[in-house]
Amino acid sequence: MPLDHDAITALAPDQASLKAANGLTKAKKWPLRAQSEADHLVWGECQGSGANPYRTVFDTANHSYKCTCPSRKFPCKHVLALMWMFADDPSPFQPDAVPDWVSDWLGRRRTTGSKPADSADKSAVGKSLDEARVETPDKLTDPKVEARRQAAAEKRAKDTEAALFAATEDLQQWISDQLRTGLAGFLHDMTDRCRSIAARLVDGKAQALAGRLDELPAKLMPLNAEERLETALLELGKIVILTKAWRKNPSDPELRRSVATSETRESLFENPAVLRVSSHWEVIGEEIVTRRDGMVSQATWLLNLGEGPDFAVLLDFFQASLGRRSSAFVMGEQFEAELHFYPARMPLRAILGERKPGGSEKIVWPSANGSDPLTPFLDAQDAAPWLTRGPILLPAGRFCRAGTDIWWQSADGQHALRIVNTPPAHVAGMQLSSSVGLWDGKRLSLLGAQSNWGRIQLHD
Amino acid sequence: MTELSQSLEKIKSRWMVGGSAAEQAPPELRVCLGGADDPELALLAITAQAGIVAFRSAPSAELTPYAALPELPLPTLPEQHRSIFRRIFALQKISNEQSNLLLHFLASRGYVTHPADFMPSRFDDLPACYGPWNGWDEREAVVSNLELSEEAWDHFLPGERVNALFDMRRQDAGKARSLIEAKAEQLPAEQRLRVIQCLGQNLSQGDIPFLEKLVGSDRSQKVQALATAFLARLGRNLDEAENAQELADFHQAGKKGLINRKTIVSARKLKTAAQRARRSELYEIVSLPGLAAALQMDPDALIASWQFGEDVMDASFCGLVARTGSDGQLSACVDRVLSEKSAAADTLPPLLERLSAEDRKRHLPKILAKEEHGFDTALSCMHGYLGTIGTADLEKAPFLTELLAAIRAQADDEKKTGQTALIQEALFQLGLMADPVAAQASINTFLTAGMSRADAALLILQLNAALTPGDPS
Chain A
4 MPLDHDAITA LAPDQASLKA ANGLTKAKKW PLRAQSEADH LVWGECQGSG ANPYRTVFDT
64 ANHSYKCTCP SRKFPCKHVL ALMWMFADDP SPFQPDAVPD WVSDWLGRRR TTGSKPADSA
124 DKSAVGKSLD EARVETPDKL TDPKVEARRQ AAAEKRAKDT EAALFAATED LQQWISDQLR
184 TGLAGFLHDM TDRCRSIAAR LVDGKAQALA GRLDELPAKL MPLNAEERLE TALLELGKIV
244 ILTKAWRKNP SDPELRRSVA TSETRESLFE NPAVLRVSSH WEVIGEEIVT RRDGMVSQAT
304 WLLNLGEGPD FAVLLDFFQA SLGRRSSAFV MGEQFEAELH FYPARMPLRA ILGERKPGGS
364 EKIVWPSANG SDPLTPFLDA QDAAPWLTRG PILLPAGRFC RAGTDIWWQS ADGQHALRIV
424 NTPPAHVAGM QLSSSVGLWD GKRLSLLGAQ SNWGRIQLHD
Chain B
731 MTELSQSLEK IKSRWMVGGS AAEQAPPELR VCLGGADDPE LALLAITAQA GIVAFRSAPS
791 AELTPYAALP ELPLPTLPEQ HRSIFRRIFA LQKISNEQSN LLLHFLASRG YVTHPADFMP
851 SRFDDLPACY GPWNGWDERE AVVSNLELSE EAWDHFLPGE RVNALFDMRR QDAGKARSLI
911 EAKAEQLPAE QRLRVIQCLG QNLSQGDIPF LEKLVGSDRS QKVQALATAF LARLGRNLDE
971 AENAQELADF HQAGKKGLIN RKTIVSARKL KTAAQRARRS ELYEIVSLPG LAAALQMDPD
1031 ALIASWQFGE DVMDASFCGL VARTGSDGQL SACVDRVLSE KSAAADTLPP LLERLSAEDR
1091 KRHLPKILAK EEHGFDTALS CMHGYLGTIG TADLEKAPFL TELLAAIRAQ ADDEKKTGQT
1151 ALIQEALFQL GLMADPVAAQ ASINTFLTAG MSRADAALLI LQLNAALTPG DPS
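Same order as they appear, the protein sequences are chains A and B.
In this text, residue positions in the first sequence follow the numbering used here: the first is 4, and each later residue adds one.
In this text, residue positions in the second sequence follow the numbering used here: the first is 731, and each later residue adds one.
Keep in mind the hints are simulated off the structure, nothing from the lab.
A hint or two may mislead.
What the hints assert, rightly or not - Pairs of lysine to any residue, SDA-like flavour, derived with a Cα cap of 25 Å:
no., chain 1, residue 1, chain 2, residue 2
1, A, 32, B, 817
2, A, 208, A, 151
3, A, 22, B, 1152
4, A, 32, B, 1192
5, B, 823, A, 26
6, B, 905, B, 848
7, A, 22, B, 1138
8, A, 31, B, 1170
9, A, 31, B, 1183
10, A, 32, B, 822
11, A, 365, B, 848
12, A, 251, B, 761
13, B, 740, A, 177
14, A, 247, B, 756
15, B, 823, A, 7
16, B, 740, B, 760
17, A, 31, B, 822
18, A, 31, B, 764
19, B, 742, B, 764
20, A, 32, B, 1152
21, B, 742, A, 238
Keep in mind that this is a model prediction, so the values were computed, not measured.
Given these sequences and hints, build the entire structure.
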């Protein structure tokens, strides 16, 4: 992805950061500005309020960054300012050898979350970029220690599975109790009841289910009474399907991910069986949700412009207390990359593998298949009935009113889907040649569309 | 399907109040549930799944498509320039007036904004090309091809009528007057005033009967005052002798020069605020011919004799000429302001409003060379042809030197932020006025002076430099 103003704007955590960065884009503030084109690195030293300048570095290839300032915003204003100046005019950035602190950061970044680094070697002086990039071989371990470690891991896995079985049984009983005692009471007291069962599920190591139950009241609260009951039944019913399916096949990675926790990124990269799809992708929308547990989930939806699954979603979680984290993408951006999909019956969640710089030619969207735009959703329900919603590609259509509700209607008038996110009046007046949205079985949340006014963003 | 739907409703109702709902399930489902570990949970799973795969919600009322957003007569900003346009709004506090000017600038280059980047909410002061977006979703007919007439009057929005009437006055002043005469009476006072202002375009003797009728019978004092001012421009004697004499008494006529004894008229120094307030009030109601007559002078002679040098009085006098002077008197007054060193440029805007774009364009180099503390007058002079000043004219502007000094001072000392607002405002105005070559030259000059290329204040100049007139490539 080229480092342009749109990319920098998208990276900024908020408007205030961009404004603050703008104030730092003056050469006098930066005693040092340098780059290594071969290493895709740009760094600088910014004179802050302290005695020492802040050291700031970013990678022009993937826009990762680091700054020594104490800001809790990511990226901070220094990173944004440095990117901004570089995007505007790279000529004042002198070509230079990568300094130690940059190599150090690079080394830590490349080894984070993987195998432990050799601390003795790493603390040595004379570090270089080449050294930082060298993969450190595993330490040789004592076979007895390794056997004990494996035995302990197996025991932990068994204990976890037992805890999960107990937790899911507890959850099923809890759902039965809600039906027996009446959903009217549940809807009246759902916050406390969901909080209580979610806490028990956390104790039972079923974090994913716990998060889902914890979020249920927030999902139901904005709805009217009729929709609230419908959605509560739908959500509880889906949880029943999920828990029943998992209890029958506890080793299924897709089901386990929905009940407990996800696989690590590293395990996905190392697993040769995962689906890898190299294609051109378009960033179609982003959903950022702050959860009750203090975490923020950031979902970036991608439309496949080539062969393979029609869509992918990149899911990230981070602490809400850190402020809004940067998005590595600009809405509508197209890029070529290999995605590694989490194993699933209908592969959707993925992580970004190798990414290539995108060409300037825009690739047109694929056409919506079949006569019924909901067919892919229904197929997904047949394969994985525990799924609650999925992305769909819609054919030509338009916005319509029905009372106070807004609907998407296909151009031939054959299909109509109720829309969650009301577009501004001038957007509602556009003719849509193709749209992408998330369908939950009842309502459509539109992400982006191609229209007679070009590509428009409907949710970002 | 209806049977299943009814059964599901009964099941939900049962769960709502509590208890087992298995008995409410259709017989074929009950058979399946018999083999389940927990029939109630199995029924819940089936109910949930049926809700999203077996049924689709239908609209509660007939679907009404939204009216299509009309295309505008100009193309939208080219894709590659939209990002910088969006950043202008994202990084700067843009007032309504500035956003209007920006849209006027785009229109003068042959473009309109993309609705997804910026959708105007008010259209009164926007270029006429935005007319189709004004109330587009509430109107059935698009008036772009409709000609304003008595029959079509109600199909036009107030702003569109004014634009159409101005055009009609240029083509056929009598026809426009007849239309205004027929329809203005039905309008509320504010709209009536705007419609009657159109008579200022190509004002002629033929308008006198209608104007006299307005002075005698219109319900709005503002409309009466406007009609009176128009009559004064046409040289009609008004019943204002008493007020004119009172205003004249606030002035004094004298002689200046040793050899060529030239008559000069200047304002007396007044002692009290009440006197000054009364004089200001009189300037709003007395006409130029009336004041001249009270001073026993010809209006042309009064303009030639006015002693410039006192900004407040000069502004009042120029306002008087702009309101009630004939076209020739107006032009003479503009020439005097531009030629008098002691006359401030900011007395010009009311006079310039009455000049044609060509006349304003002719005066622009002199205005630029005269304006020392800003570009306000030059900008108001450029209405209708923004983005056309060349480098040669710009370089003569004394304010550019002042601006450069402020930029250098700020670049030399970051703590000197007192001039930031001035710099931002001036660069915004410059960005609207310069042609692409001058805009690029200005950017280079400011960068050399120490400004950062990434400074948001340069955005409008950058957009200007990148946007080739009428070339959507």
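Tested hints:
1. 32(A) x 817(B): With Cα atoms ~23 Å apart, residue 32(A) and residue 817(B) stay inside 25 Å; holds.
2. 208(A) x 151(A): Judged against 25 Å, a Cα distance of about 23 Å means the pair holds.
3. 22(A) x 1152(B): holds, 18 Å
4. 32(A) x 1192(B): holds, 23 Å
5. 823(B) x 26(A): holds, 15 Å
6. 905(B) x 848(B): violated, 37 Å
7. 22(A) x 1138(B): Holds, because 21 Å separates the two Cα atoms, which is no more than 25 Å.
8. 31(A) x 1170(B): holds, 23 Å
9. 31(A) x 1183(B): Measuring from Cα to Cα gives roughly 13 Å; hence the hint holds.
10. 32(A) x 822(B): holds, 22 Å
11. 365(A) x 848(B): Holds. Residue 365(A) to residue 848(B) sits at ~23 Å (cutoff 25 Å).
12. 251(A) x 761(B): holds, 22 Å
13. 740(B) x 177(A): Given that 25 Å is the threshold and the Cα spacing comes to 22 Å, the pair holds.
14. 247(A) x 756(B): holds, 23 Å
15. 823(B) x 7(A): holds, 22 Å
16. 740(B) x 760(B): Holds, because 14 Å separates the two Cα atoms, which is no more than 25 Å.
17. 31(A) x 822(B): OK: residue 31(A) and residue 822(B) at ~23 Å, within 25 Å.
18. 31(A) x 764(B): Judged against 25 Å, a Cα distance of about 80 Å means the pair is violated.
19. 742(B) x 764(B): holds, 20 Å
20. 32(A) x 1152(B): Cα-Cα ~22 Å, so holds.
21. 742(B) x 238(A): Roughly 14 Å between the alpha carbons, so the hint for residue 742(B) and residue 238(A) holds.
Checked against the numbered hints listed earlier, the structure breaks hints 6 and 18; every other hint is satisfied.
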